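S.K.: So the protein lines, in turn, are chains H and B. Read in numbering that gives the first Met the number 0, the first sequence has 83 at position 84, and its numbers run on one by one without any break. Read in numbering that gives the first Met the number 0, the second sequence has 79 at position 80, and its numbers run on one by one without any break.
Keep in mind the hints are simulated off the structure, nothing from the lab. Warning: the hint list may mix true and false statements.
[Said to hold, decoys possible] Selected chain H positions facing chain B (in silico; Cβ < 8 Å):
#  : residue
1  : 15
2  : 47
3  : 49
4  : 52
5  : 55
6  : 68
7  : 77
8  : 81
9  : 86
10 : 126
11 : 142
All of these numbers come straight from a predicted model, not from anything done at the bench. Where is the CB? At the ideal position from N, CA and C, for every residue including glycine.
2 protein chains.
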Amino acid sequence: MARIVKKFGGTSVADMDRIRNVARRVKAAVDEGHEVAVVVSAMAGTTDTLVGYTRDASPMHDAREYDTVVAAGEQITSGLLALVLQDMGVPARSWLGWQVPIRTDGVHGAARIEHIDTAEIENRFKQGQVAVVAGFQGLGPDNRITTLGRGGSDTSAVALAAALKADRCDIYTDVDGVYTTDPRIVPRAQKIHRITYEEMLEMASLGAKVLQTRSVEMAMKHRVRVQVRSSFEDTPGTLVVDEDEIVEQQVVSGIAYSKNEAKITLVRVQDKPGTAGFIFTPLADANINVDMIVQDVSEDGKMTDLTFTVPADDLERAVAVIEKHRDDFPFERIIADRDVVKVSVIGVGMRSHAGVAATMFRALAEKGINIKVISTSEIKISVLIDAAYTELAVRALHTAYGLDA
Amino acid sequence: MARIVKKFGGTSVADMDRIRNVARRVKAAVDEGHEVAVVVSAMAGTTDTLVGYTRDASPMHDAREYDTVVAAGEQITSGLLALVLQDMGVPARSWLGWQVPIRTDGVHGAARIEHIDTAEIENRFKQGQVAVVAGFQGLGPDNRITTLGRGGSDTSAVALAAALKADRCDIYTDVDGVYTTDPRIVPRAQKIHRITYEEMLEMASLGAKVLQTRSVEMAMKHRVRVQVRSSFEDTPGTLVVDEDEIVEQQVVSGIAYSKNEAKITLVRVQDKPGTAGFIFTPLADANINVDMIVQDVSEDGKMTDLTFTVPADDLERAVAVIEKHRDDFPFERIIADRDVVKVSVIGVGMRSHAGVAATMFRALAEKGINIKVISTSEIKISVLIDAAYTELAVRALHTAYGLDA
């Protein structure tokens with residue numbers, strides 16, 4: 000007997016037939032003797048409709064009213080799934096955020112969960128009742144409904160699993176797990192059976208859009224074992240776990256890439272202490288996230304070129320911010336380049352293995368791919384290259400690290 | 000400065016343009032210096048969609064989950080109206096049933112309001128804030144959402160007006176008031192400017208579907224002045240008030256009719272004490288409402304015919320119940336007639352005027368209309384006639400009581 004939290008996203012509960020499919024999966028777990036809490040999103044499309052209404056109602060909307068309107072979507076699904084489960088003979092009841100309650104801070108529209116009172120849900124477990132919890136929502140300090148921001152149901156599920164000390168949190172989605180890279184680019188990509196939180200975080204933030212970054216952070220913090228699996232196929236998915244649960248650690252677990260990158264080069268800025276601060280402070284103030292940064296060694300000790308990346312969506316805004324502050328840090332000219340991609344190799348194993356970077360550079364060089372910027376962390380190496388080489392680079396690296404099936 | 004509750008039904012908030020129209024009406028009242036609470040229904044069609052989902056989910060549905068799902072409709076509208084009001088510069092916030100809270104009993108799907116805590120709403124009035132309250136919903140003793148049954152938003156509005164000691168409760172609907180009879184039958188029907196609670200109750204339950212019967216009962220009990228008016232035209236409507244507020248009382252205020260009637264005659268039942276009880280007890284147990292009852296004078300003192308009416312929808316069920324119990328009260332045969340209509344003249348003035356019934360019988364006789372059953376109360380006289388004569392009878396009576404414009 001295990002205690003399991005299962006989360007189903009919007010496509011998994013898009014209509015009554017799919018809700019019945021979800022109920023069958025929940026029933027199977029109940030029949031195996033498990034205690035089950037289910038977290039549901041709104042039916043696919045509902046949230047968009049409701050968000051559209053709020054925009055129409057008021058462009059500068061009050062986030063408290065936005066939350067009131069949008070949270071109705073998960074409310075509907077939770078009631079419906081409870082009804083379908085009952086109809087299948089499985090005792091179940093819906094729990095809205097304010098009923099559990101799932102207490103959050105007061106940041107409406109992007110609230111953070113602070114505490115979940117699970118006493119009553121655990122009581123009901125003893126009576127064999129399934130808890131169907133509306134995802135994405137909580138109760139703010141003002142006694143009003145809060146929402147956790149887009150994709151927040153993943154976070155609801157992991158937080159609930161942590162509070163319930165659940166044995167596992169299953170996240171059902173439209174893919175059947177996390178792959179060593181994008182299978183559309185590399186058909187021989189393999190499903191990863193176990194991955195560490197740290198690797199998953201890198202995979203998530205680098206564009207493998209399977210799990211919300213915040214939910215992975217929360218899982219890591221509370222050591223919640225998360226399983227990513229398919230809503231539609233009954234195959235084992237990918238288990239996201241602590242490093243020590245992984246017996247045979249690969250050096251490199253996966254190859255990720257992100258197209259939402261843009262490169263900015265400031266040509267001939269003054270090479271003196273504090274320049275970087277002058278440049279990056281106004282960007283931070285404008286809420287623009289600077290990622291990779293490279294400063295050339297200056298030839299004369301006075302002038303240098305500074306290159307960095309920002310999200311492609313923020314490129315125009317970033318250039319505008321820099322132009323506005325150019326008096327604070329004179330430079331000759333600015334080069335903006337949207338035609339780049341960031342490719343990363345990820346693996347906790349590289350901490351204890353030398354030569355991982357060398358393998359990467361050699362593999363790319365063999366294909367004639369030029370590296371523009373490099374950045375590294377303990378468990379990943381990222382390079383910025385021409386976008387045209389994305390597929391070529393990903394395939395070459397996948398082979399170079401022995402990941403092909 | 001007055002304190003006013005305004006209630007808008009589903010067609011009045013059917014889309015964003017109509018919600019903006021509602022907001023303009025609310026703003027006008029605020030600009031006049033009034034304290035305003037607004038009660039809203041779900042957008043037209045939403046409740047039907049949600050009810051359809053629950054039926055699909057489980058034919059024998061758990062009313063607690065039904066309430067959770069269906070209440071989402073009013074939740075959405077209340078948030079949207081608050082947003083639109085804010086956008087027009089009117090301070091406003093939404094209040095869900097559990098937030099006010101509007102405490103009800105635990106009869107999910109058909110709950111009764113027990114107490115409304117208005118302290119916080121009244122605090123906000125002092126700051127000039129409009130309260131937008133989700134209609135139709137409350138909080139049950141089990142900390143779950145309850146709904147008041149179909150049309151319950153009228154009841155929400157009147158109950159809120161009573162709790163707030165409001166000067167008036169405006170019910171906005173798609174007609175502009177209560178008429179002396181159905182204007183589709185009598186084009187010369189007149190709008191009634193003031194009507195008593197008692198008359199309105201008779202009008203409502205007899206088929207003039209303007210106000211929910213329960214809401215009128217509640218208004219009468221708490222002496223809430225209710226105004227029925229149009230959402231779309233800015234004309235004065237019909238004020239439902241205490242009898243002493245009506246200076247010049249008509250003898251007859253209106254002519255109502257109801258087509259949802261069916262007549263049952265039991266031919267040759269035993270004429271002895273207790274027979275009626277034997278017959279009507281099983282019908283009451285089956286939740287079938289018996290209305291008009293006539294027992295012929297028996298010729299031989301042993302056998303008599305018994306005629307009564309039931310709602311047309313319940314006719315088949317009623318006949319089945321009687322057949323099942325026929326051993327308890329032997330009769331010769333049963334005649335069921337669906338082809339009847341009940342026409343009523345209503346007016347508190349008839350208490351102090353003789354000859355009202357005589358006028359009715361004469362007017363119908365002049366048109367050759369046969370009366371099958373008669374029943375009377377202090378303020379109404381009802382007759383059952385052939386359905387084919389409905390329009391003729393209503394028109395004749397409207398003229399006979401001097402109601403034509």
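S.K.: Does each hint fit the structure? Answer for all of them.
M.R.: Evaluation of the provided hints:
no.	hint	verdict
1	15	holds, 5 Å
2	47	violated, 14 Å
3	49	holds, 7 Å
4	52	holds, 6 Å
5	55	holds, 5 Å
6	68	holds, 4 Å
7	77	holds, 7 Å
8	81	holds, 5 Å
9	86	holds, 4 Å
10	126	violated, 15 Å
11	142	holds, 6 Å
Checked against the numbered hints above, the structure violates hints 2, 10; every other hint is satisfied.
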